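A.B. asks: Chain residues, written in single-letter form:
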Amino acid sequence: MKTKFETNVAAELPKTRMSQEPGLPWKLDPEDLEKVSAGKDEYKAAISGAFPLKTRPVFLIVLLAAIFAAITYFVSLVLTDSANTHTVADNKEVTMLSMQTTLGKINNEKNTLSENIGQLEKRVSELNAQKELFATVIESLTKKTDDAVGQSETEKAQSAPQAIKSGTVN
Amino acid sequence: MAKKQLFLNYKGGTGKTSIAAAYGYYLAKMGKKVLMVDLDAQAHLTACLNQESVHHEKSLYSVIVNGDPLSEIIIPTQLPGLKLVPSTISLSALEQPLFNMPLREFQLRRALKNVERDYDFIVIDSSPSINLLSLNAIIASDEMLIPLLADFLSFHGLKLLLETLASIERDFQFYLGKIYVFLNRYNPDYPICLESKEAIHKFYPQYALKTVINESQDIINASSVGMSIFEMNPNSKVSCDIRELVKEVNGIYEDAREYAVV
Chain A
609 MKTKFETNVA AELPKTRMSQ EPGLPWKLDP EDLEKVSAGK DEYKAAISGA
659 FPLKTRPVFL IVLLAAIFAA ITYFVSLVLT DSANTHTVAD NKEVTMLSMQ
709 TTLGKINNEK NTLSENIGQL EKRVSELNAQ KELFATVIES LTKKTDDAVG
759 QSETEKAQSA PQAIKSGTVN
Chain B
45 MAKKQLFLNY KGGTGKTSIA AAYGYYLAKM GKKVLMVDLD AQAHLTACLN
95 QESVHHEKSL YSVIVNGDPL SEIIIPTQLP GLKLVPSTIS LSALEQPLFN
145 MPLREFQLRR ALKNVERDYD FIVIDSSPSI NLLSLNAIIA SDEMLIPLLA
195 DFLSFHGLKL LLETLASIER DFQFYLGKIY VFLNRYNPDY PICLESKEAI
245 HKFYPQYALK TVINESQDII NASSVGMSIF EMNPNSKVSC DIRELVKEVN
295 GIYEDAREYA VV
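Residue numbers (this note's numbering), protein chains in the order written: chain A, 609 to 778; chain B, 45 to 306.
Errors might be hidden in some of the hints.
[Stated by the list, open to error] Subject to a maximum C-alpha distance of 30 Å in a straight line, what follows is the list of computed BS3-like cross-link-like pairs (lysine-lysine):
1) K254(B) with K643(A)
2) K652(A) with K281(B)
3) K643(A) with K77(B)
4) K241(B) with K612(A)
5) K612(A) with K77(B)
6) K102(B) with K652(A)
7) K254(B) with K612(A)
8) K102(B) with K648(A)
9) K730(A) with K246(B)
10) K648(A) with K47(B)
11) K55(B) with K612(A)
12) K652(A) with K73(B)
13) K648(A) with K203(B)
14) K281(B) with K77(B)
15) K643(A) with K73(B)
16) K157(B) with K648(A)
17) K764(A) with K752(A)
18) K643(A) with K241(B)
19) K102(B) with K643(A)
20) K623(A) with K222(B)
21) K246(B) with K55(B)
22) K623(A) with K291(B)
23) K612(A) with K222(B)
24) K102(B) with K623(A)
25) K254(B) with K623(A)
26) K623(A) with K281(B)
27) K246(B) with K612(A)
28) K157(B) with K623(A)
[Stated by the list, open to error] Residues from chain A that keep clear of chain B, each with C-beta distances beyond 10 Å, as calculated:
29) V670
30) T695
31) E717
32) T753
Hints in this document: simulated from the structure, not taken from any laboratory.
Every value quoted in this text rests on a predicted model; they were computed, and no experiment measured them.
We put the beta carbon where it would ideally sit given N, CA and C, even for glycine.
Kindly produce the complete structure, drawing on both the sequences and the hints.
C.D. replies: Written out as structure tokens, the structure is:
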């Protein structure tokens, strides 16, 4: 029976340089290390050196353009708001004027109506006066009529006994 | 030109850092100029050499990412011949910028190239993880020392590591000079230790070292107080084992009279 040691032996062993096998290449000559250093220096230069395309001036120009565009945009916003405000003010003024005109017309109508009312009241008072006058006249006429009737009946009454007395009444 | 030796095992807890610290210390004590490189963001090698409290402004991160010279971050230790590239927590963030770099697997090798003329040995302690930084460590090294615990799981980890090295050879056409495998925390009283040792010599004879590092509390105690085992107890069993390791790997023999007096 195999022990645990026997079943856990490395399947592949490192050869090492001391192996007797011929032709084992040994890399990393001093030239290889020079290349490593040069590669690292090149990499460092690439990541820390000046950027191509003059990035800083391009960035500054873009930044200035962005600032200018922002300022222009805000100024245009202000001007637009101002124009809108003026338009609104003008509209409101027109509205106000038309309202004033309407108010004037209404006042005129009111005055006219007031005059008419005055006239009508005067007419009414005249008519009332006439009415009273007529009423007085009618009353006086009625009273006269009543008086006349009363008198005639009185006369009749007075003349009737005499007629009886005289035998003229049947 | 410095011999670059890497202590690596993808399995954690095998004693890489403790042994690497003692190994480098002993080489320096023998008069060699040694540079130790701590590639673990946990900075355990830095702590073993008692440098964790020192404020490190720069680190390997700035060397690899910014191209700063490695000499700027090398610090001295208590032992004159022993220098250290300390680790900081910033190493844990190195993976991402490293991923985007050209020839990303060769960055550590490039960084060490500038200093390797100043040292006899460069001892690298890598973290137990399969990542870009450990790949950099492999490609930066001439030799690899793989400490193993005497158990099955470490043996399985060795299988993964060797297969990874084989694939690195295939993909990068990069070949290490030598690979050394040795046992750590060895106790001959345990049958599993004997079984592990037998398995390593049977299946990996071309890599297996005769030297084993015996089980000892001394090396653990030494690293916990930031001392080397050679300072705390130079005549301990583990100190002798480390000396044997240095001899077997490098063929360096010391003057025996140095340790004759107890």
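A.B. asks: Which hints, by number, does the structure contradict?
C.D. replies: Numbers 1, 2, 5, 9, 12, 13, 15, 18, 24, 26 - these are the hints that the structure violates, sorted from lowest upward.
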